[in-house]
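Novice: Which chain is which? The protein sequence lines are A and B, in order.
So the number in the numbering used here is just where the residue sits in the first sequence, counting from 1, plus 433.
So the number in the numbering used here is just where the residue sits in the second sequence, counting from 1, plus 433.
Mixed in with the good hints, there may be bad ones.
[To be verified] Straight-line distance between alpha carbons at most 30 angstroms, and here's what the computed BS3-like set of lysine-lysine pairs gives:
hint : chain 1 : residue 1 : chain 2 : residue 2
1    : B       : K509      : B       : K486
2    : B       : K486      : B       : K782
3    : A       : K722      : A       : K486
4    : B       : K722      : B       : K486
5    : A       : K722      : B       : K509
6    : B       : K722      : A       : K486
The hints are simulated quantities; they were obtained by calculation from the structure and are not laboratory data.
Treat the numbers as computed from the prediction; the structure is a model and nothing was measured.
2 protein chains.
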Amino acid sequence: MAERRPPLHGVRVLDLTRFVAGPYCTMLLADQGADVVKVEPFGGEDTRALDVKLDGVSTYFLRFNRSKKSICVDLKHAEGRGVLERLVRSADVLVENFRPGVLERLGFGWPRLRELNPRLIYATITGFGHSPSPYRDRAAFTPIVEGVAGTVIYRNEDEPPTITGYPVGDIFPASLAAGAIGMALYRRTHDNEGARIDMAMYDAMVSMNERAVGMAGMVGRDFLPGRASDLGSAPSGVFQASDGFLSISVVGDRIWERFCAAIERPDWTEDERLATGPGRAAHFQDVIKPGMETWLAARTRGEAVERLSEAGVPAAEVARPLEILDAPQARARDMIIEYRAAENGVTAKVVGNPIRFEGEEKLEPGDAPVLGQHTVEVLREWAELGDEEIDALLAAPAIRQAGRS
Amino acid sequence: MAERRPPLHGVRVLDLTRFVAGPYCTMLLADQGADVVKVEPFGGEDTRALDVKLDGVSTYFLRFNRSKKSICVDLKHAEGRGVLERLVRSADVLVENFRPGVLERLGFGWPRLRELNPRLIYATITGFGHSPSPYRDRAAFTPIVEGVAGTVIYRNEDEPPTITGYPVGDIFPASLAAGAIGMALYRRTHDNEGARIDMAMYDAMVSMNERAVGMAGMVGRDFLPGRASDLGSAPSGVFQASDGFLSISVVGDRIWERFCAAIERPDWTEDERLATGPGRAAHFQDVIKPGMETWLAARTRGEAVERLSEAGVPAAEVARPLEILDAPQARARDMIIEYRAAENGVTAKVVGNPIRFEGEEKLEPGDAPVLGQHTVEVLREWAELGDEEIDALLAAPAIRQAGRS
C-alpha cells in the first residue's frame, strides 16, 4: 500500500480562517492530503503580525499553516468578491471562523453559497453557533467559552478555578469540524449534495464537560472538574517529587493495593475509609495526600516512577515542553516535525499530525506560504482565469501576487 | 431538506470499546446516524459495573452509550470468535480501545481483519499507539498521558501543575478517531479499500499542546500551559467576584484600553510596563491581578460581567455543572438531552451531540441498551445466521440474548 493516495487527496478546501480554531481545522485537512487554499486580506491573516517572531516570521502563524497555499484577495473590493465567487464554485469545502454575520455581510450567506455550489460543504466555527443561539453575538475567546461551558478546573476549595491553560476551546471544536467535514464528504458521494456545519465552540466544550454536566443531570449535584473529592477514585493527578513532577493514576482496588505496597503504607489497605474508590476520593486531602508527599519528598521523580512502575502502578514523569521536543516517543510517532517558512527559508519545529494511518507514510509537511504566494496559480487552476483576466484583477487591485508589484 | 439522511446512515460500526475514549468515539458516529453494535463480554462492558448508579443503571455507562445496540459474545469461546468473524465481514468500521496486543491474541490482528474484510476501516485507540511506539505497553489512563504529553496546568510558581480535571486525554483522541473514520469512509468510495487508524492518546495530546511544544521548538524555551507570564497577553482567565467566578479575556490593545476604563484604572493605560501584551503578561501577578481583585471584590459576578460587557470587554459568568443543565444557550443548542435506559426505562439527562448540520434535525437519541438486547437481531441481520444456528450458539454458550435463559 506504499503509494496509496491520502484520504483527502483531491479535496479542494477554501480556507477563510484565522487565529486558532479555523486554521487548526484546515491543518488537519491539509495533513490528510487536502488542497487547502488560504484566502488572506491584503494585510495578511491576523496572526502573521502577532506573537513572537522566528527570524521575522510569526511563530503564531507557523503553528497552524503548514502545507497551505495563500491567495491574497481584497473582499471589500467588488472584483475581489467576484474572485471569491469563482473559488466557491470550484471548491469542495469552505471553512471560516468569522463572527456570525461577517460572511453574510460580504454577500456570502449560506443561501448564496448553496446557489453558487450545491455540492459545497461549508463549516463555520463560531463561539456560540449561528442558529438557534441566544449568545450568537458574544465574543468567543477560549477563556470565555470555557467559563460558560464550565470546563474550568477546581483545584482547591479555597481558590477560584482556573481555565485550562492551552487552547482546548479552539482545538477541540476544530477537530470535530474536521471530522464532520469528512462525514459530509462521505455522504456527498451518495446524494451529491453539500451541507452546512454549524460548529460552536460552546457545544464542543459542553460535550467535553460531559462528566460534570451528565453527573449533574443524573445525580443532581455538582461534580466539579478537577476536584479530587468528586472523582470516582484517588489518588490521580500530578505530584511533586524531590526534583520535579510525576503523574500517578490509581484506579481500582487492585492498583490501590499495589500502590500501598509500593509507597510502604501497607496499613492503608486495612483502613476502612480507603476501602473503595469514592472513599479514597473523599479522604484524598486529609489522609492520602500527606502520606504520599512524605514518600515522594525523599525520591526523585525518576526513582518514584521506577518504583511505582515496577509495582504495577501507572505513573510517568511529567514532561516539560522542551523535553517533549526530544522525547523518543514523540520522535517515534512523528509528533515533532520541522518544516519551512517559504518567506525566508527559516525552519520551524512544531507538533506533527496526530492522525496516523497504518502502513501509510504521514505526508511531508509543505511550506508555510508567503502572503499571496499562490494567487496566480490558484486563479488559473481553481477559478480557470486567463492571464489577461488575472492581470486586470492585479491592476484593479482586487488581488495580490507575492513577488509582483 | 427535512428528510435528508444523516451523514453516516447505513454505516455499520462494530464497537468493541469500553470506558471513555472508545465509547465517546462510537457515540459521535451513532449521533450521525451510524448503526453501532456494541460487542460486550458476558459480564458486560466494564463501565456497567462502575461509578454512581441511577436507579440501578451505571451513570458511567449512560454517559456514552445512547443509540447503540448491544450484543453479548464470549470471545474466549471459539464459537464466539466465529461470531465476531462474521460480524467483521459484515461491518464497515471496527473501533476498539484494548491495550495493544489484546485483539491480536484473540486472533484478530490487522492482517487477519483485512483478510476477513478488505473494505474494513479499523480504528484502534490506545495510550501510545501500536507501531512505532517505545511506550506501547504502558498503562494509558488520561492523567498519565497528560503528564507525558505535558498538557498539565501550571498555575502558580510555587505549586505543582495539575491535570486538566476532565477526561480530555480520552475525548480529544476519540474525536480525532471519529474524524479519521469519516475521512477513510470518503476515501473508500474512491478505491474500495479499508484502512487502519492507529490513534494514540499521546499523539492527540501532544497536538493539543501545540502552543507550548511549538514555542519550545521555535523559541527554545518553555512556555508553560496556564502560566500567566507565558501568555501573549493578560489578563485572561477566571477571577473571583463577591459571589462567584467570571472569566475575562483581554486580548489586544483596544480591549485593554476599554478594560482599564471599565474597572476605573485609567492610570494603567499610561503605565509603560503595561503597554504591550507581553508586558501585561509579565506584570500580571504583581500589578494587574491585585488591582482587579480590589475592583471585583466590591461587585457580584453578574454586575462585573454586565459592566465589562457594556464596555466591550469579553467577559462571562463561569457556569457550574448544575447551571448548565438549564442554561438557555445549552437548551437552544440541544446540548442537554434526555434519553432512556432500556433496562428499566429510567431517564438519563446527559450532554447532547456537538456536531450540528444546519437545516437538519439532530437525531433523537435511542435507548442505552440492556446487555445482549440485540444479540439475535444482529446475528440475523449482520451475520445472516438462521434460527437454528443462533440457538446452537446460545446453547454453546457463545452468545447471550437478554430475556432468554
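Novice: For every hint, state whether the structure bears it out.
Specialist: Quick rundown of the hints versus the structure:
no.	hint	verdict
1	K509/B / K486/B	holds (29 angstroms)
2	K486/B / K782/B	holds (13 angstroms)
3	K722/A / K486/A	violated (43 angstroms)
4	K722/B / K486/B	violated (43 angstroms)
5	K722/A / K509/B	violated (41 angstroms)
6	K722/B / K486/A	holds (28 angstroms)
Hint compliance for this structure: hints 3, 4, 5 are not met, and every other hint is.
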